[in-house]
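Participant: Here the protein sequences come in this chain order: A and B. This note's numbering puts the first sequence at residues 1 to 238. This note's numbering puts the second sequence at residues 1 to 238.
Rather than coming from a laboratory, the hints here were simulated on the basis of the structure. For each residue, glycine too, the CB sits at the ideal point set by N, CA and C. Do not rely on the hints blindly, as some may be mistaken.
[What the hints assert, rightly or not] Anything over 10 Å on all C-beta distances counts as not near chain B; from chain A, calculated:
no., residue
1, S31
2, S55
3, M59
4, A148
5, L220
6, R225
[Said to hold, decoys possible] Only pairs whose alpha carbons sit at most 16 Å apart, straight line, appear in this in silico EDC-like list of lysine to aspartate or glutamate:
no., chain 1, residue 1, chain 2, residue 2
7, A, K204, A, D237
8, A, K68, B, E99
9, B, K68, A, E99
10, B, K204, B, D194
11, A, K204, A, E165
12, A, K204, A, D194
[Said to hold, decoys possible] Partial chain B-side listing against chain A, Cβ under 7 Å, derived:
no., residue
13, T69
14, S72
15, G73
16, E82
17, A98
18, A108
2 protein chains.
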Amino acid sequence: MMIADQDVLTMARLLHYPLDPFSRRVRLQLSEYGSEVELTQERPWEQRPGFLQLSPSGMLPVYIDDDKTVASGIEAVSEYLEELRAGFDNSLIGATPAERAESRRLAAWFDGKFYHEVGAPVLMEKVIRRFLPPETGGGAPNMNRVRAGLGRIRQHLEYIGMLAEARNWLAGDKLTIADLAAAAHLSCIDYLGDVPWSGNEAAKTWYQRIKSRPSFRPLLADHVRGITPPRAYADLDF
Amino acid sequence: MMIADQDVLTMARLLHYPLDPFSRRVRLQLSEYGSEVELTQERPWEQRPGFLQLSPSGMLPVYIDDDKTVASGIEAVSEYLEELRAGFDNSLIGATPAERAESRRLAAWFDGKFYHEVGAPVLMEKVIRRFLPPETGGGAPNMNRVRAGLGRIRQHLEYIGMLAEARNWLAGDKLTIADLAAAAHLSCIDYLGDVPWSGNEAAKTWYQRIKSRPSFRPLLADHVRGITPPRAYADLDF
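If we strip away everything but chain A, and leave its shape as in the complex, we get (with noise of 0.2 Å):
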């Protein structure tokens, strides 16, 4: 999709929402390449016309680039990327066959399976509800829907730790979209002070290091009307 004429950009736009762990994974994704971006902040819940036409599943991140084409969602925003940012050595979803599926395999475990088994639910209760109206189901957050995505967070770390012990980075010797995935995702929850780290030491020393890439800096900056962060989201020393 291209936007239309009048809409003059200079620079690339990515609209995205700060606890959304899809935006969160392409804006590394967009400072690791060294590429840089206009945000825009979408409240993808409210349904905005303008934003349903450019991203009709009502899904983030959407990316409109500085020619005007339109990409949304995270596979095809991802893609797109790689495609047209990644130089000859720093491809974010690998160099071989082999290395780009494992890559690709990882990154949809976490948008898939852990957004939709702790993400979806745990982002729901505690974050979006503040803001719908009571009408569209606004107010206290089910505490029993919480409890149950929390209880699954585990087993992802347990499988970072176990990837992250055998491999430098989760896919393989590089940093791919299988770490800006998973971290992307952990971090919207670490947001709410609800990852627990003490029970996994390989998976915290994983998170520490991309931690402490400049291009987690901004993501650490950020910050949602409402809901403070507790202390430990931005220590490096967590």
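With chain A's structure known, arrange chain B on it following the hints.
Facilitator: Just chain B, lined up with the frame of chain A:
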């Protein structure tokens, strides 16, 4: 990942299940690329250890290339095949960045939204439960879940119909993974006789076109024990 040395392959192999929409999409892709593959049926719910080693998330399909490279999960397998099997003129993702973003956006729509709203609950209740032992949920389908899932098909048919009326194929001029994903997901429900085709002429016409392709023929010959598809399932003039 690469499989161990003792497993000698002479041809690429696909672990699939006949009524798994992701497996179906990859069978279609392989056929459209003109690439041969040996099919091995896998019942993912049995969680066979050898299968979980290749696909820790428990999702199909798994593609094992003739050089022993393993790709698992729809995103990894689809991109792997596009990178290694698509020739100059038979890309299934698209030629330009905008086309590629659009085909991936729509494939993600069906793999995410359609599957979670319709495919996963309906196939769980009407297919997988038949094969599960009673202690892990086997038995009669929960018809409330089936009805809730099927109740959401119409909006997807409407979206397909709208796209098919505006374009030659769902993502644009050419057949892409958007068409193959949509058709693969719908075809599993169609095997059960549960797609209300008469409600949307444009979507039906699009499905007739894709169902008539040689790549679709093997899917129309699929048979799952104990579940006989309606005559219209394999009929090109349904």
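Participant: Could you check the structure against the hints above and give me the numbers of any it violates, in ascending order?
Facilitator: 2, 3, 16
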